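From these two lone chains plus the hints, build me the complex, please.
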Amino acid sequence: MMMMSMEGLAVKLPSFSQIITNPNHHSFTHKPFSLKFRFNFRKSSSSLASLSVPAAATAPVSLGHSTRPDFEILHQKVNNGSKLVYLDNAATSQKPSTVIDVVNNYYRSYNSNVHRGIHFLSARATDEYEMARKKVAAFINASESSEIVFTRNATEAINLVAYSWGISNLKPNDEIIVTIAEHHSAIVPWQLLSEKTGAVLKFVSLTEDEVPDIKMLQDLLSKKTKLVVVHHVSNVLASVLPIKDIAEWAHDVGAKILADACQSVPHMPVDVQNLGVDFLVASSHKMCGPTGVGFLYGKSELLEVMPPFLGGGEMISDVFLDHSTYADPPSRFEAGTPAIGEAIGLGAAIDYLSQIGMQKIHDYEVELANYLYENLKTVPGVRIYGPAPSQTVDRAALCSFNVDGLHPTDVATFLDQQHGVAIRSGHHCAQPLHRYLGINASARASLYFYNTKEDVDDFVRALVDTIGFFNSFN
Amino acid sequence: MNSTTANSTVASVFKPPQSHSIPPLNSSNRSPTHIQFKPDHSNLRAISTTSLQTPHPITPPQPPYFPANLTVSEKLQILISEFKSLPEPIDRVKRLLHYANLLPPFDESRKIESNRVTGCTAQVWLDVMMDDNGKMRFIVDSDSEITKGFCYCLIWLLDGGSAIEVIEIRVDDLREMNVGILPIRASSRVNTWHNVLISMQRRTRDLILQ
Numbered sequence: 366m367m368m369m370s371m372e373g374l375a376v377k378l379p380s381f382s383q384i385i386t387n388p389n390h391h392s393f394t395h396k397p398f399s400l401k402f403r404f405n406f407r408k409s410s411s412s413l414a415s416l417s418v419p420a421a422a423t424a425p426v427s428l429g430h431s432t433r434p435d436f437e438i439l440h441q442k443v444n445n446g447s448k449l450v451y452l453d454n455a456a457t458s459q460k461p462s463t464v465i466d467v468v469n470n471y472y473r474s475y476n477s478n479v480h481r482g483i484h485f486l487s488a489r490a491t492d493e494y495e496m497a498r499k500k501v502a503a504f505i506n507a508s509e510s511s512e513i514v515f516t517r518n519a520t521e522a523i524n525l526v527a528y529s530w531g532i533s534n535l536k537p538n539d540e541i542i543v544t545i546a547e548h549h550s551a552i553v554p555w556q557l558l559s560e561k562t563g564a565v566l567k568f569v570s571l572t573e574d575e576v577p578d579i580k581m582l583q584d585l586l587s588k589k590t591k592l593v594v595v596h597h598v599s600n601v602l603a604s605v606l607p608i609k610d611i612a613e614w615a616h617d618v619g620a621k622i623l624a625d626a627c628q629s630v631p632h633m634p635v636d637v638q639n640l641g642v643d644f645l646v647a648s649s650h651k652m653c654g655p656t657g658v659g660f661l662y663g664k665s666e667l668l669e670v671m672p673p674f675l676g677g678g679e680m681i682s683d684v685f686l687d688h689s690t691y692a693d694p695p696s697r698f699e700a701g702t703p704a705i706g707e708a709i710g711l712g713a714a715i716d717y718l719s720q721i722g723m724q725k726i727h728d729y730e731v732e733l734a735n736y737l738y739e740n741l742k743t744v745p746g747v748r749i750y751g752p753a754p755s756q757t758v759d760r761a762a763l764c765s766f767n768v769d770g771l772h773p774t775d776v777a778t779f780l781d782q783q784h785g786v787a788i789r790s791g792h793h794c795a796q797p798l799h800r801y802l803g804i805n806a807s808a809r810a811s812l813y814f815y816n817t818k819e820d821v822d823d824f825v826r827a828l829v830d831t832i833g834f835f836n837s838f839n
Numbered sequence: 011m012n013s014t015t016a017n018s019t020v021a022s023v024f025k026p027p028q029s030h031s032i033p034p035l036n037s038s039n040r041s042p043t044h045i046q047f048k049p050d051h052s053n054l055r056a057i058s059t060t061s062l063q064t065p066h067p068i069t070p071p072q073p074p075y076f077p078a079n080l081t082v083s084e085k086l087q088i089l090i091s092e093f094k095s096l097p098e099p100i101d102r103v104k105r106l107l108h109y110a111n112l113l114p115p116f117d118e119s120r121k122i123e124s125n126r127v128t129g130c131t132a133q134v135w136l137d138v139m140m141d142d143n144g145k146m147r148f149i150v151d152s153d154s155e156i157t158k159g160f161c162y163c164l165i166w167l168l169d170g171g172s173a174i175e176v177i178e179i180r181v182d183d184l185r186e187m188n189v190g191i192l193p194i195r196a197s198s199r200v201n202t203w204h205n206v207l208i209s210m211q212r213r214t215r216d217l218i219l220q
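In order, the protein sequences belong to chains A and B.
Numbered by our numbering, the letters in the first sequence go through residues 366 to 839 in order.
Numbered by our numbering, the letters in the second sequence go through residues 11 to 220 in order.
This is chain B alone, in the form it adopts within the complex (with noise of 0.2 Å):
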């Protein structure tokens, strides 16, 4: 293998640091479609990768890459081992509980009825538009911290995926989110996260067929 080669393997899987932070949104050419975010929502992706490999009884595997470049199910395999690494009920709601707290702040004004996820106990509210980089975005509330918290989780799954990743993803694929939470395997308005994810699949479908 020449060093050419091995330069351009290890380029495909380490970008550099400043590739990683999300790219400035508050550029001048925005269109309708790609909203702007708040600065200190930049930080999103970098808060979530944080809090998930704070020590753990179980440490989630630390990637020996950027998480900027984990695919959507590495990151649920991540997911799904740290919920799993928790037995008690009141450990797993209380890291819900942590998570939801990470939840950056949903402008009041955004809270309109074509926001509202439909067929929830709890009510959600989601936003989705696309990055400049072509990228999903997502931001969710909730009037249930517990729901926030499986939102957020949804979110560091799918924020910044590609509209693919985010269509292509199975519903079963997260079934195992489930894990010690809510019992019910099966999608029903209890499964307030298997709502959310339709949503932002449905509305991920939209925008891009726009």
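This is chain A alone, in the form it adopts within the complex (with noise of 0.2 Å):
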């Protein structure tokens, strides 16, 4: 019987899927795709039906597998030769090929300044250029494109609002509220507008449950607030906030909201109408996007009468001696040249993460960190931070944690050394909410689509061998 179907192609599954685990099998690693070999078996198949399948064959691989092939950077051995297992995915993802491919034709191919030339090169960039934006607009299902500001990262996203948005529309004792478990660039900024404009911060402490607390945000909601800034998920706490009754609230008593959703696009399906928020921040390159772009969602009826942020080219309209009018946004906040193959490397980003689905990632990723979150308790000494994960909470895949006695850098340094295993050890921008703690710095091991279940083996395994080797000095 001819194998048709794709399900009928899946039967040779066996040697198929370690060749796919092999990691120095690099015939895959040029394959943008190599999903093609994800096992969607519809048992009704007729096709099937008549070859005998030996019940292996059907064991799924997991995405972690399935992506690894796509991440060349994977493979290879640090330090003293051992394997390279990176677990620092919250400070910045890995690109697949594909990413790379697409950023290294644009400066190959057709590499030109964008929005200004009437030439076939600026003609393509320009084109591929605000296909990314659209893209990126898509992804969040933002109504419109031109509510898709482009930046630097998701830092000059939010003093975007703070300088633009903020300066024109915040008085003194207006009050801003943020969450102590903010990012230092979702506190500083505001700190820097208070100081220009009289606002005032107020700051949401944590629950016993290691969990922004809610109950004390609302109650912090006045006519006085004007501005609402929270992480969508905590790159700490590994929590998640309930964004949509956030911005609820927030309207309730006409204050905007700013969504920090550094760790949640990547990671999960973000819609932006659903969730009601007034702005958006999320970088590039936590995405498997490059670095050097990010982006600001902003609704539409707030950009176009908010004041330019920087001055320069693009961002204008007419410019006279003695003044200058302004474009509409969003090139009004996007002066001088973007990062134009980077942010055409954004859109190839959401082309292979769309491909996965946001929903499969984010399953995946809830697996992960249910296996993260239960091995690494199991050693002694462990402290995680942040809420356990049970039936209502959903924890993202990372763990900041501290070993009694041992300081977190040198785990991290002992880790790295001895085992190839990356992960990050500080106050991970966020200095407030690990004083709130009551520490110095933790360590944190976070994750991302293509770890596996044997990476979180992997370092177990090694953080157990260094608190041995540590523990044998005492």
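Check the hints yourself; a few may be wrong.
What the hints assert, rightly or not - Covered stretches of chain B, going by a simulated chain A footprint (3 or more residues, C-beta under 8 Å):
no., region
1, 92-103
2, 131-143
Claimed, not checked - Using 20 Å as the maximum straight-line C-alpha spacing, the simulated DMTMM-like pairs for lysine to aspartate or glutamate come out as follows:
no., chain 1, residue 1, chain 2, residue 2
3, A, LYS818, A, ASP716
4, A, LYS589, A, GLU613
5, A, LYS588, A, ASP617
6, B, LYS121, B, ASP137
7, B, LYS104, A, ASP830
8, A, LYS448, B, GLU98
9, A, LYS442, B, GLU98
10, A, LYS818, A, ASP830
11, A, LYS500, A, ASP716
I should point out that these hints are in silico values taken from the structure, not numbers from a laboratory.
In this text the structure is predicted, and so the values were computed from the model without any measurement.
We treat Cβ as the ideally placed atom computed from N, Cα and C, and that holds for glycine.
If you want it as structure tokens, here you go:
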């Protein structure tokens, strides 16, 4: 019988799956999507019925295993010859070959300045650049692509809101609500802003479960509140905030809401219209895209009345000696030559992620998150921060932790040097949070969809060895 | 060469044992900038010398004269070759942890904000003094054992040095100390020793300007 369907092809899976999981088999690294080998058995398919399929062939290959071949960088040895186990994804993600190829191809084939030129290369660059903008808009379900402003990163996007929206909308004694668990980029711009405008910052602290206290946030909201700035997913606590609810409460008192989605957009479906946020920021480099580009989503009616942030070319309409008029959003907020190739690369990253499906990525990561948490918890002396996962509480696939009697930097150094395991140690740009928790620093292991349970096993094994090593010295 | 010259040549590189030991600091005419040591600190240099001369796979060069007369750059070479002789990261970490244990205790009351070295991922306290001979003395502590080990090496390099030696040592000279432990050559908050060195230099400068 001819095997025409994908299901039929899947019968040969045992050997294919070995190829996929063998990191040294480079023939797959150039295939943009190894996902063709995903196991979508339709058991009712008649093409399968006549073939005797051994049980092992139906074992699903995890998303981590199926996507790993797309990431050459993961297949290397570091330091003393240990294989790299990359668990620092909350800091930055790796890029699939397809994204690297797209950026490469931009520079090789059609690099040209956007928006201004009328020649062939410029037209193509402009098309691709604007297509990337449309892809970002579609990815987060913005209603128009003009609601997407390309910035250098999420930090710049927040500063844009602070300097543009903030300066023209905040008066002395207006209140800005943030949580103590915010990333520095979501605290410092507002501190700078409060110095300029006289607005006051109010901080929401944590509950006993180590999540931001939503009740306290509600209590802090008042007619004086003009802006609420919250993370969607915490890069330290791994907790997830109910953004949709918070947006409603903020709007009820006439305040705007800015969501820091750096740790959510890469890992789950995010729908800005559904969430109801006024502003949302994210970075390309955390979602398989290049560094150097990020974006601000802002509701059209807000962006339209916001004054410029940076001044220069592209954001103007007419320039005279004594004054200038400004372009419409998003151009108004995109002064100068943008990171063209990188934005196009972000578009390719979005294509790649969409091909897998954000819900699928999220579901796999919930599985990984639980596996990481449960296994890390078994290591004696380890203290994990943030809420425990449960039926009602999903954690992101990351754990910030400390080991009794050891400095996280020592732990991370030994893990790297002796075991090739890459984690982060420090305050993860969240000093107020660390101070609140009573610690100076923590270690953090953070996963992405190309990590596997084996990565977690390697990490835990290495951690146990590390702790044993340091304890033997005391 | 007459005997006088010969003797003076020898004398310049060979100090008699008694001047090797750290001068008694419990002298009565201490000024505020010359902070007294606890008596057991007086063995600091002796301990540090001994530990670095214990048998290693590759023994660092045995100086023919007392280590008190090693220049900073000579000490640096010893340090670098010592770490280079340990190819396995686990051995380098072990060596650093061993050194960490050799650091004398840091008075808790001296763990004040002005003694904190800022910009490090680990917490580091540094106290900087000038002894009665005008030499710079340093004591250091950290909550990270590996950092303590690094700082021990830094102290060994610069403790007892002249203010000029401390100020003039270039960060680049010390980059080799990164060998094997942190592959990062550039200075950053992760290079705690870099921040500690900068702090040592700044405070040395402040002390001599007083």
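Each hint, compared with the structure:
1. 92-103: holds (count 5)
2. 131-143: holds (count 3)
3. A/LYS818 x A/ASP716: 25 Å, violated
4. A/LYS589 x A/GLU613: Holds, at roughly 16 Å.
5. A/LYS588 x A/ASP617: Given that 20 Å is the threshold and the Cα spacing comes to 9 Å, the pair holds.
6. B/LYS121 x B/ASP137: 9 Å, holds
7. B/LYS104 x A/ASP830: 14 Å, holds
8. A/LYS448 x B/GLU98: 16 Å, holds
9. A/LYS442 x B/GLU98: 15 Å, holds
10. A/LYS818 x A/ASP830: 18 Å, holds
11. A/LYS500 x A/ASP716: Holds: A/LYS500 and A/ASP716 sit about 8 Å apart, inside 20 Å.
Taken one by one, the earlier hints fail for this structure only at number 3.
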